[in-house]
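A.B. asks: With the sequences and hints as input, model every part of the structure.
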Amino acid sequence: MSDHLPVLQVLAPLLAAPVCALLRSARAAGALAVLASWATLAVALALLGEVRAVGVVSYAIGDWVPPIGIEYRVDMVNAWVLVIVGTIASVVSPYMIASVSSEVERRRIPLFYAAYLLCLTGLLGIAVTGDVFNVFVFLEISSLSAYALIAMGTGRRALTAAFRYLVMGSVGATFIVIGIGLLYVMTGSLNMADLAVLLPEVWDSRTVKVAYGFLGVGCCLKLALFPLHLWLPNAYAFAPSAVTAFLASTATKVAVYMLLRFFLTIFGAPFSFGTMALDRVLLPLALVAIASMSMVAVLQVDVKRLLAYSSVAQIGYVVLGLSLASVTGLTATLLHLFNHALMKGALFMAMGCVVYRIGSAHIDAMAGLGRRMPWTMAAFLVGGLSLVGVPLTVGFVSKWYLILGAIERGWWPVAVVVLLASLLALVYVWRVVETAYMRPYEGDGRAVEAPPGLLLPTWVLAAASIYFGVFAKSTVATAEQAARVLMSGVGS
Amino acid sequence: MRDDFIVRVGARIVTPFIVTFALYVHFHGDFGPGGGFQAGVILAAAFALLALVYGLEAVQRVLPPWFARACAALGVLIFAGVGVVTMLLGHNYLGYNALAHDPKHGQHYGILLVEFGVLVTVFGVMTMVFYLFAGRAGRDE
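Those protein sequences? They're chains Z and R, same order as listed.
Numbering-wise (the numbering used here), the first sequence opens with residue 1 and increments by one.
Numbering-wise (the numbering used here), the second sequence opens with residue 1 and increments by one.
In short, the hints are calculated from the structure, not lab data.
Incorrect hints may appear among the rest.
Chain Z side only, calculated, beta carbon under 8 Å to chain R, not exhaustive [stated by the list, open to error]:
1) V7
2) L11
3) L14
4) L15
5) P18
6) A21
7) Y59
8) A60
9) G62
10) D204
Beyond 12 Å from chain Z on every Cβ pair, some chain R residues (computed) [said to hold, decoys possible]:
11) V7
12) R12
13) T15
14) T20
15) H28
16) D30
17) G32
18) P33
19) G55
20) I78
21) V84
22) D102
Simulated DEER-style distance windows between Cβ atoms [said to hold, decoys possible]:
23) T15/R - S101/Z: 37 to 47 Å
24) L88/R - L45/Z: 18 to 28 Å
25) S101/Z - R61/R: 25 to 35 Å
26) D102/R - T160/Z: 32 to 42 Å
For each residue, glycine too, the CB sits at the ideal point set by N, CA and C.
C.D. replies: This is how it looks when you write it as structure tokens:
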């Protein structure tokens, strides 16, 4: 079966999703969702191993030889993204079982798991495929199921948040399909590797440049780059806790991957950074995102919203790495995809524990929780320190490479902005930590330690964000290899 | 419209033709315009017509909401299942050549089976959407 790994990556959750929808028992559906998620991680790790051993893995769907048929093509870059998505899915899915039963209506729970598995299918599909139209199809699968997942949050505001995301997300997806259509008009191909060969001949045409713009804006909407981030804070704040943890750690990451694929593999680094001056467009946006969104996060009183704004700022770091236009910068980008997934996952899951016990994510409601829920708040503290970028956490490793990349280009002010924004992160993390640890508990005794079903997955991510901060060698090496593949165009 | 004789008889006469046309569109999909999606919509339209004329409850006795929901899931399983079968037969995912003695027939059967999965899912989803709007009756159980 190892020849079929690329398609099995998508197939495991795709087959499990309809079975979940048919099941009536919430418990059985949950167990199936966990099994399917673990299967995706196993396949992703096997794929990464194979890519390390033999290079690019290609799979022809339906035996149609690429570029005519749909090709699934895995190199270092998407193997890395698949491992990120698989890791988060396999940690968050056991967490879902306890978290969802308290937040979603009982008879909707099997459908909830079906939507989650479809979302996972879509995200993995975007990452695994080597066909641009297939990217769009999987993007729609993941987006539509994500809207449904967000709408299942408690309270009516979840519906408006989901609808807002639906409108913005549909605009983004439409822009992407327009861009793909224009590329098809110019080259007659939809295969990524084929496009990369055909496009240089028509680089000068205005159609290709317009396609570039459409694809860029579309991807940036999906990854919530400032100022296209407006859908994100409410969607994250009102979705069920487990959904927030899952989407915050995977959806925007896969959108970043999509952007990298389009800009660096298909159009190529010379076109992006030369003709289109991509670095000079993205750099100011990334810096404004980092600075302004960190400041907005400081002012939030709802901790889930606070973390959501911090996510927009963190996406700024990711895009900043891309705009440095160097292998070091891209290493930081790819590294931060993984590292941010770990720490934001841990933070949102810790908040899910808090909401599970006290039913609110308001900062004042968290007073004194440091003593009432010591393990939960300790996980929050670990995630928070990582967000700030304290040494021995993953946040430090990605910021290190980011600053290294900035200094390499001689952009000292950029390094200064990154450091100042880290201080802002310290302020908003400290506000929560101070409330939880320094203020006395005022609640009615509901706040006891979260059940192990929630705590264990939270701590897996919290521990991972320390482990990969201390032993960063393997992640850095993989990210650097992937960055080289991206910078060299159609990788080998 | 339950009291309108002409509409009631008319709907009864037309319905079998709509269903047949849906099947025609499905099976003709690999020669001309059509396919599973369109066939599923047409099939669902037949039930929508009956619901408009005879009332939602009468149609839901024949086609209960849980069945529509099961169709939506089953179609995906049929589609993905065809791919799994071709994989087990030693070809790539959705390699239809595995399904028959020669590629021509294999491709023919493969596309019909996969499109049938599309038909079942589209029919199920369209019916569910109609039920939801018509009577907020998607809340089965």
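A.B. asks: Decide, hint by hint, whether the structure agrees.
C.D. replies: Okay, the hints, checked on the actual structure:
1. Checking V7/Z against chain R by beta carbon gives a least distance of about 4 Å; that is within 8 Å, so the hint holds.
2. A least Cβ separation of about 7 Å between L11/Z and chain R falls short of the 8 Å threshold, and the interface hint therefore holds.
3. Checking L14/Z against chain R: minimum C-beta separation of about 5 Å stays under 8 Å; hint holds.
4. Hint on L15/Z holds. Least Cβ distance to chain R is approximately 5 Å, under the 8 Å limit.
5. With a cut of 8 Å, the hint placing P18/Z at the interface with chain R holds, because the nearest CB-to-CB distance is about 4 Å.
6. Residue-level restraint check for A21/Z holds (minimum Cβ-Cβ distance to chain R is 4 Å; threshold 8 Å).
7. Annotation: interface hint on Y59/Z holds; nearest CB of chain R at approximately 7 Å, less than 8 Å.
8. Annotation: interface hint on A60/Z holds; nearest CB of chain R at approximately 6 Å, less than 8 Å.
9. A hinted interface residue such as G62/Z counts as satisfied when its beta carbon comes closer than 8 Å to some beta carbon of chain R; here the least separation is about 4 Å, so the hint holds.
10. At about 38 Å, the closest approach between the beta carbon of D204/Z and any beta carbon in chain R exceeds 8 Å, and the interface hint on this residue is violated.
11. At roughly 36 Å from the closest C-beta of chain Z, the C-beta of V7/R stays outside 12 Å, upholding its exclusion from the interface.
12. With a closest Cβ-Cβ approach of about 33 Å to chain Z, R12/R is found to remain outside the 12 Å limit, as its non-interface label requires.
13. Listed as outside the interface, T15/R is consistent with that label: its C-beta sits roughly 28 Å from the nearest C-beta of chain Z, beyond the 12 Å cut-off.
14. With a closest Cβ-Cβ approach of about 28 Å to chain Z, T20/R is found to remain outside the 12 Å limit, as its non-interface label requires.
15. A cut-off of 12 Å between C-beta atoms confirms that H28/R is not in contact with chain Z; the least separation is 21 Å.
16. Consistency note on D30/R: stated as away from chain Z, and its beta-carbon is indeed over 12 Å from all of that chain's, at 14 Å minimum.
17. Residue placement check: G32/R keeps its beta carbon more than 12 Å from all beta carbons of chain Z (closest about 21 Å).
18. For P33/R, the condition that its CB be more than 12 Å from all CB atoms of chain Z holds, with the nearest at approximately 20 Å.
19. The Cβ of G55/R lies farther than 12 Å from every Cβ of chain Z, with a closest approach of about 26 Å, so its non-interface assignment holds.
20. Residue-level check failed: I78/R sits 9 Å from the nearest beta carbon of chain Z, not beyond 12 Å.
21. Here V84/R does not stay apart from chain Z, with its beta-carbon only about 7 Å from theirs, under the 12 Å limit.
22. Taking the minimum C-beta to C-beta distance to chain Z, about 14 Å, the non-interface status of D102/R holds against the 12 Å cut.
23. The given range of 37 to 47 Å is respected by T15/R and S101/Z, whose C-beta atoms sit roughly 43 Å from each other.
24. Our hint of 18 to 28 Å for L88/R and L45/Z holds, since their Cβ atoms are close to 24 Å apart.
25. A hinted range of 25 to 35 Å for the beta carbons of S101/Z and R61/R is consistent with their spacing of about 33 Å.
26. Distance hint check for D102/R and T160/Z: the Cβ-Cβ separation is about 56 Å, which falls outside the suggested range of 32 to 42 Å.
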